[in-house]
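Heads up: the sequence lines are chains B and F, in that order. Here the first sequence is numbered in our numbering, starting from 719 and rising by one per residue. Here the second sequence is numbered in our numbering, starting from 172 and rising by one per residue.
In case anyone wonders, no lab produced these hints; they're calculated from the structure. One or more of the hints may lead you astray.
Here's a subset of chain B near chain F, in silico, CB distances under 7 Å, partners left out [claimed, not checked]: (1) 797; (2) 798; (3) 802; (4) 853; (5) 922; (6) 927; (7) 929.
Glycine included, each C-beta is placed from N, C-alpha and C at the ideal position.
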Amino acid sequence: MDDSSTFDVVTAEPLDDIMQKIAEHKGCGTSSSGGKASCGSSDGPDDMAPEIWEKVKNHPCYSEEAHHHYARMHVAVAPACNIQCNYCNRKYDCANESRPGVVSEKLSPEQAAKKVLAVASTIPQMTVLGIAGPGDPLANPAKTFKTFELISKTAPDIKLCLSTNGLALPDHVETIARYNVDHVTITVNMTDPEVGAEIYPWIFWNHKRVTGKEAAKILTDRQMQGLEMLTERGILCKINSVMIPGINDQHLVEVNKAVKSRGAFLHNIMPLISAPEHGTVFGLSGQRGPSAQELKALQDSCEGEMNMMRHCRQCRADAVGLLGEDRSAEFTTDKIMEMDVAYDLESRQAYQSAVEQERLAKVAAKEAEMETLSREDVDGLNILVAVATKGNGRINEHFGHASEFQVYELSSSGAKFVGHRRVDLYCQGGYGEEDSLETVIRAINDCTAVFVAKIGHCPKDSLLAAGIEPIDEYAFEFIEQSAIAYFRNYLARVKSGEIAHVARGDADIRQGAFISA
Amino acid sequence: MAYKIVASQCTSCSACEAECPNVAISEKNGTFVINPKKCTECIGHFDIPQCVAVCPVDNTCVIDTSFPRYQPPGGAA
Ligand code: SF4
Ligand code: SF4
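Next up, chain B with everything else stripped away, as it sits in the complex:
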């Protein structure tokens, strides 16, 4: 699922002028570490049916806002797969759902259930458990449903979700409904068997290996049937599609229509991850992934049709943690088996109701701040700001420790989350330590300001030289409230002539996330 990223570095326009200025401030690089993934849609109640929002609001994979407050985890109990994809190398986890080259620790259902309880007892924000592989959960139905059964008995408050290629889906819809699984993700890369034959070399079907168009036809029929059966039962379905330039890029518009008409609530188009070292068919054949612009153009052309999810960071199949952190090392099989776990439902609920209070306070603060923003002053102006945050909707991360920045668009309608920019070392593919400040500036170059809890002198000067205003006066405050306050002040300064409004340039996008137009 979600949740992981995995994409090759996509470089936008070189930002040479800026880099020239930065060069003068060399020698004070920031260091960033770790970098964990999360995924989400920026969509809030504005563009989603209220009953769907009600179901997804606490789900970190579906709502970026929820990602600040809640965490999900995946357990790798399903190693077997029933289809072969040209973007997958089974020596590693499925590249579609996980970082290539990272192998998740395989668990038995009993180990998985214990791990979930251990994590949920330690991290009260953990509200969602997903089974996504490394194979196909429904090609391992006994292990998948045994895991769900064990968890629903001891931790009934945890939401269950799963990801599938859909081939076996129609056979398991009843069981999925019985276990109260509330979200299913289906990976749909085509509805046309001609296209499918280029993506899937074979499927294992009715005790035979089926190839070519015949295989793709069976797969698409089963996917669409499964999708219909789920939506008829009111189970939410998200569609993941891998964009493969020259193979299914044009065709995904058709796929979008097909899944929308069958009731899918969210479509997540992800770029192909492809490099020779992954050992996949596409990697070895030199099939490239899309550029950030190509991805955005495709997402835009589908946007009118249904909710598009633009911020999936693709989590590895055994990821654990809240926004920007990976605590999976605390929960290895050896450690879990030694842990004495007592599941305390009451304290989890107490914690979660405190989180809801905090969320309400955040909304109230934002609304109060909005009152002060007069529409005339805005005058059609909008700017982007970057925020260093560890979660909870607050500006609470040190500039140098941030592994990603949240980007908000400020306009007459307030502050809107529009994406994230990863700056963790994993994504940088070969950038050295001393270049990391440069990398950060490239990643947020389209922003007017960056909000941080704390920042050193040296990076501060570099940011100013690049025309980005470092702001630490809202440290530990709510993000949206602070951003609106800043915007009001910004507009006043522009009006008084103290500063000039400058339209910012493009930014480097590391994984095909949202680019501000």
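Since the structure of chain B is provided, determine the placement of chain F with the ligands on it from the hints.
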């Protein structure tokens, strides 16, 4: 003959284990192995060996010529 698994190629995905009609496949020290005494080459069950058809790595489930060809009970293969 029976089928065998080339251990160096096996990803331990377990897909073959569930498909074998004779429960001849099991996990041993991290990889999967076929018990040649139980393997019938799928004769009498399916047209093609199930382990070969489902395995994601080609040439991993292969015929082991050191065993005599399986003879189905009461008839020619
Ligand atoms: S050939 Fe058939 S019987 Fe023999 S191990 Fe493979 S699946 Fe089992
Ligand atoms: S299907 Fe192939 S790779 Fe998977 S466990 Fe069996 S022999 Fe190993």
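Each hint, compared with the structure:
Nearest Cβ of chain F to the Cβ of residue 797(B): about 5 Å, under the 7 Å cut. The hint holds. For residue 798(B), the shortest C-beta to C-beta distance to chain F is roughly 4 Å, which falls under 7 Å, so the interface hint holds. A distance limit of 7 Å between C-beta atoms decides the matter here; for residue 802(B) the minimum to chain F is near 6 Å, and the interface restraint holds. Residue-level restraint check for residue 853(B) holds (minimum Cβ-Cβ distance to chain F is 6 Å; threshold 7 Å).
Given hint, residue 922(B) at the interface with chain F, holds; its Cβ is 5 Å from that chain's nearest Cβ, closer than 7 Å. For residue 927(B), the suggested interface contact is upheld, since its CB lies about 4 Å from the closest CB of chain F, less than 7 Å. Annotation: interface hint on residue 929(B) violated; nearest CB of chain F at approximately 11 Å, more than 7 Å.
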